[in-house]
Each structure stands twice: as C-alpha cells, then as structure tokens.
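These protein sequence lines are chains A and B, in that order.
Offset between the first sequence (1-based) and the numbering used here: plus 21.
Offset between the second sequence (1-based) and the numbering used here: plus 168.
Simulated from the structure, these hints should not be mistaken for lab results.
Each residue gets a CB set at the ideal place from its N, CA and C atoms; glycine is no exception.
Among the hints, a few may not be true.
Claimed, not checked - BS3-like, lysine-lysine: derived pairs with alpha carbons at most 30 Å apart:
1. B/K378 / B/K188
2. A/K110 / A/K49
3. A/K82 / A/K111
4. B/K252 / B/K334
5. A/K51 / A/K110
6. B/K223 / A/K51
7. A/K110 / B/K223
8. A/K53 / B/K223
9. A/K82 / A/K110
10. A/K111 / B/K223
11. B/K378 / B/K334
12. A/K49 / A/K98
13. B/K223 / A/K73
14. B/K223 / A/K82
15. A/K111 / A/K51
16. B/K336 / B/K358
Stated by the list, open to error - Label-pair restraints from in silico Cβ distances:
17. A/D124 / B/E236: 30 to 40 Å
18. A/T101 / B/D376: 53 to 63 Å
19. B/Q353 / A/T115: 31 to 41 Å
20. A/T93 / B/L274: 25 to 35 Å
21. A/K98 / B/N189: 53 to 63 Å
22. B/Q353 / A/D124: 48 to 58 Å
23. B/E403 / A/D84: 23 to 33 Å
24. B/Q316 / A/T47: 33 to 43 Å
25. B/G318 / A/T115: 18 to 28 Å
26. B/D250 / A/T47: 48 to 58 Å
27. A/T93 / B/V233: 29 to 39 Å
28. A/Q55 / B/E211: 38 to 48 Å
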Amino acid sequence: MKQISIIIVALISLVGISYAQEQNTTLKGKIKVQVDGLSCPFCAYGLEKKLKTMEGVAEIKIDVENAFALLTIEEGKTVTEAAIRENVKKAGFTSREITEVTDDE
Amino acid sequence: MNKGTILLLSVLLLSCQSEKNWSFSHKIALPETARPLGMAMGEGDLWISDPENDKILRIDQGGDVLEEITEVYRPMHIDRSDDKLFIPNFYNDAISVYQNENIRPLPVDAVFDAPASVSVLDDLIAFADFYNHRTFLLRNGTIFQISQEGRTDGLLYYPTDVKLYKDKLVVADAYNNRIQVFDQQGNFIKVIGWQENIRVATGVDVFDDKIFVTDYYGGRVLVYDFEGVLLDIFEGQFNKPTDVLVTSDKFYVANYGENSVSVYTLD
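Work out the full structure, taking the sequences as your base and the hints as a guide.
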C-alpha cells in the first residue's frame with residue numbers, strides 16, 4: 022500500500038513538473054497562438070491590445086478567419102508561454118496551441 | 169369641412185404614413201482595404217471609422233473620400249455633435265475630439281479599458297467601456313458609472329455601443345446578445361431583443377422612438393420600439409454589420425466584413 026502511494030505521489034509530481042516546464046517555456050522569433058472564440062473585430066482588437074502589453078512583443082497580427090494571433094518578438098528577447106496564456110485569458114479567450122514558426126509558415 | 173371629413177382625411181393621412189417602408193437602395197463602395205466599423209453623420213456626408221487601418225474617413229454619398237484622420241488608434245463607434253467628431257480609441261484607451269482639422273484628447277476622469285463607443289447629446293457624453301463591462305455618463309465635468317459586469321437584467325457583458333436619446337441611454341450589450349435601456353441617472357429600464365437570438369449586438373441607433381440594432385453574426389438589422397416590440401427585421405444586404413445610422417429618410421449599415429456601407433431608403 023505504501024509503495025502504491027509513493028508511485029501515485031511520484032506520478033502527480035511528474036505531471037506537475039511537466040506542466041510547470043511547459044508554462045515556463047521561453048519562446049522567441051515569430052509565435053503563433055491558436056485562440057478559441059476569436060471572431061468579431063472587438064475581440065480581435067481586444068486580443069491585440071492585451072498581447073501588446075507584453076514585454077518584448079514588437080508586432081502582432083490577428084487572423085480572425087483562422088483564429089490565431091501571430092506575435093513577432095523583439096530581436097534578442099523572449100517571452101514565456103505562461104505570459105502569453107495569461108494575456109490571452111485577460112482578453113477573454115482561451116489559448117490553445119502555441120508554437121514558434123518560421124517566416125515560411 | 170365638417171368633423172367627419174376631417175376625421176376621414178386624418179385617418180387616410182395616417183394610413184399613408186404607416187405604409188411607408190424601408191427598402192434596400194444600394195451599397196456605397198469604400199476604398200478596397202477599408203473595414204468600416206462605426207459611423208456618424210456629417211453635413212450630407214458620412215464619417216466612418218476604419219479600425220483595421222487606424223483611420224477615420226469622411227466620404228460623400230458616392231463613397232469618394234473627402235478627408236482622412238490618421239492620428240487614431242483602433243477607432244470604434246464615433247459620434248458627431250455640432251462640428252466636433254468624438255472618437256474612442258480602443259487601443260490606447262483615450263477619447264479624441266476632432267474639430268477644424270485638429271485633434272485633441274478629451275479629458276475624462278475615468279480609467280477605460282478599450283473604449284468602444286461615444287455618444288453625445290447636448291451637455292451629456294456617454295461612453296462604452298468594453299473590457300470593464302460598464303458605461304459612463306459625463307455631465308458638466310462630472311462622470312459617473314452606469315452598470316457593471318453581469319448576465320442578468322441591468323448588467324452588461326462587453327458593451328460595444330451606446331446611444332443617448334431624449335432622457336434615455338440605450339446600450340448594445342454585445343455578448344449578452346441584447347439591447348438594454350437605462351435612464352440618464354443610471355436606473356435600469358428594460359431589456360430588448362433577447363427573444364430574437366441576436367448573435368452579438370454590435371451597434372445601435374435610435375430615431376423617431378425606434379431602436380435599430382445590428383446583429384453581427386446573424387447579418388441582420390432589427391428594429392424595436394421602447395416597449396421592446398419587434399417592428400422590423402432587415403437581412404440579406406449585410407456582411408458582418410457593426411453599426412447602423414438612421415436619418416429621416418435613410419439608414420446606413422457599416423459592413424465590417426467588406427469595404428461597404430449598405431443604404432436603405434424610406435419609400
């Protein structure tokens with residue numbers, strides 16, 4: 022019984038560490054943020070407004086049709102995934118996949 | 169002329185008036201990249217906010233651009249009073265006033281988060297404060313808040329447009345998908361439009377005691393009286409409508425989904 026408890030605690034810790042690592046992931050260059058519920062102009066400009074407050078963000082483009090935001094980060098700077106998710110939430114949306122993209126994508 | 173004849177003529181006159189109907193006339197084409205969101209009436213011309221391009225355009229009835237204002241930051245629902253154009257800058261939370269080719273900030277003792285609309289009536293100015301889910305009234309330098317965030321009667325959820333009319337404040341309560349009416353002391357009066365499945369009430373105007381509202385996803389304009397009775401629905405000529413502007417013989421609808429304004433005339 023004691024062994025089972027230890028295994029469960031270990032698993033929970035691993036999941037927690039993995040989640041924390043994901044949240045602290047630093048990103049640079051161009052970042053694509055998929056956003057649920059992004060649709061009307063008020064939403065799009067609202068998301069732009071909230072994301073622009075992030076340190077290091079040079080430019081933002083909102084693609085309403087395909088429901089994502091494209092962030093360009095200043096040269097030599099990074100942002101964390103957690104910070105992006107927090108600002109998307111402040112704008113009233115839920116963020117999904119967040120990925121670094123190249124100019125070709 | 170006897171009383172009976174006068175009565176008969178009055179009834180005939182009234183019936184003729186009630187037979188007047190709005191009908192679609194045409195679309196005004198705007199510059200190709202324009203995305204019109206808000207409108208205000210000029211001297212026969214139209215002022216149009218174009219937040220996508222950070223501009224305000226003044227156009228004639230044919231769509232030719234007569235003037236451009238560029239020192240604006242995601243301008244939304246504008247209003248005009250006397251020769252002043254009032255502009256809410258959604259991006260930097262400031263209100264601007266444009267007059268005689270000069271633009272200046274309007275000092276307001278309130279902290280907005282994404283102001284989406286301004287409406288002016290005599291000495292009263294109303295604001296929609298989008299992210300704070302509230303509206304404000306400014307009267308002779310004193311500002312006071314009307315309503316707060318919520319889903320029930322009298323509360324707001326992402327208000328996008330306000331309109332002062334007589335002794336009322338009419339609010340496009342966008343993401344509650346309805347219109348709400350308050351008095352100008354801030355007291356809630358009525359919810360309008362909740363039965364019609366409006367999908368984001370983006371813009372509102374009031375003319376001749378009739379409330380016109382744009383239904384963004386529904387692609388419609390709905391018309392109500394102040395009792396909330398649905399009087400008319402217009403559809404088929406709009407592409408993601410965000411604002412409606414009503415005059416005595418025309419109403420205009422801003423099609424944010426394309427570079428045009430739809431025009432209806434009263435026949």
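Consistency of the hints with the structure:
| no. | hint | result |
| --- | --- | --- |
| 1 | B/K378 / B/K188 | holds, 15 Å |
| 2 | A/K110 / A/K49 | holds, 20 Å |
| 3 | A/K82 / A/K111 | holds, 18 Å |
| 4 | B/K252 / B/K334 | holds, 20 Å |
| 5 | A/K51 / A/K110 | holds, 20 Å |
| 6 | B/K223 / A/K51 | holds, 27 Å |
| 7 | A/K110 / B/K223 | holds, 28 Å |
| 8 | A/K53 / B/K223 | holds, 27 Å |
| 9 | A/K82 / A/K110 | holds, 17 Å |
| 10 | A/K111 / B/K223 | holds, 26 Å |
| 11 | B/K378 / B/K334 | holds, 12 Å |
| 12 | A/K49 / A/K98 | holds, 7 Å |
| 13 | B/K223 / A/K73 | holds, 20 Å |
| 14 | B/K223 / A/K82 | holds, 17 Å |
| 15 | A/K111 / A/K51 | holds, 21 Å |
| 16 | B/K336 / B/K358 | holds, 11 Å |
| 17 | A/D124 / B/E236: 30 to 40 Å | holds, 32 Å |
| 18 | A/T101 / B/D376: 53 to 63 Å | holds, 55 Å |
| 19 | B/Q353 / A/T115: 31 to 41 Å | holds, 38 Å |
| 20 | A/T93 / B/L274: 25 to 35 Å | holds, 33 Å |
| 21 | A/K98 / B/N189: 53 to 63 Å | holds, 60 Å |
| 22 | B/Q353 / A/D124: 48 to 58 Å | holds, 56 Å |
| 23 | B/E403 / A/D84: 23 to 33 Å | holds, 27 Å |
| 24 | B/Q316 / A/T47: 33 to 43 Å | holds, 38 Å |
| 25 | B/G318 / A/T115: 18 to 28 Å | holds, 21 Å |
| 26 | B/D250 / A/T47: 48 to 58 Å | holds, 53 Å |
| 27 | A/T93 / B/V233: 29 to 39 Å | holds, 31 Å |
| 28 | A/Q55 / B/E211: 38 to 48 Å | holds, 47 Å |
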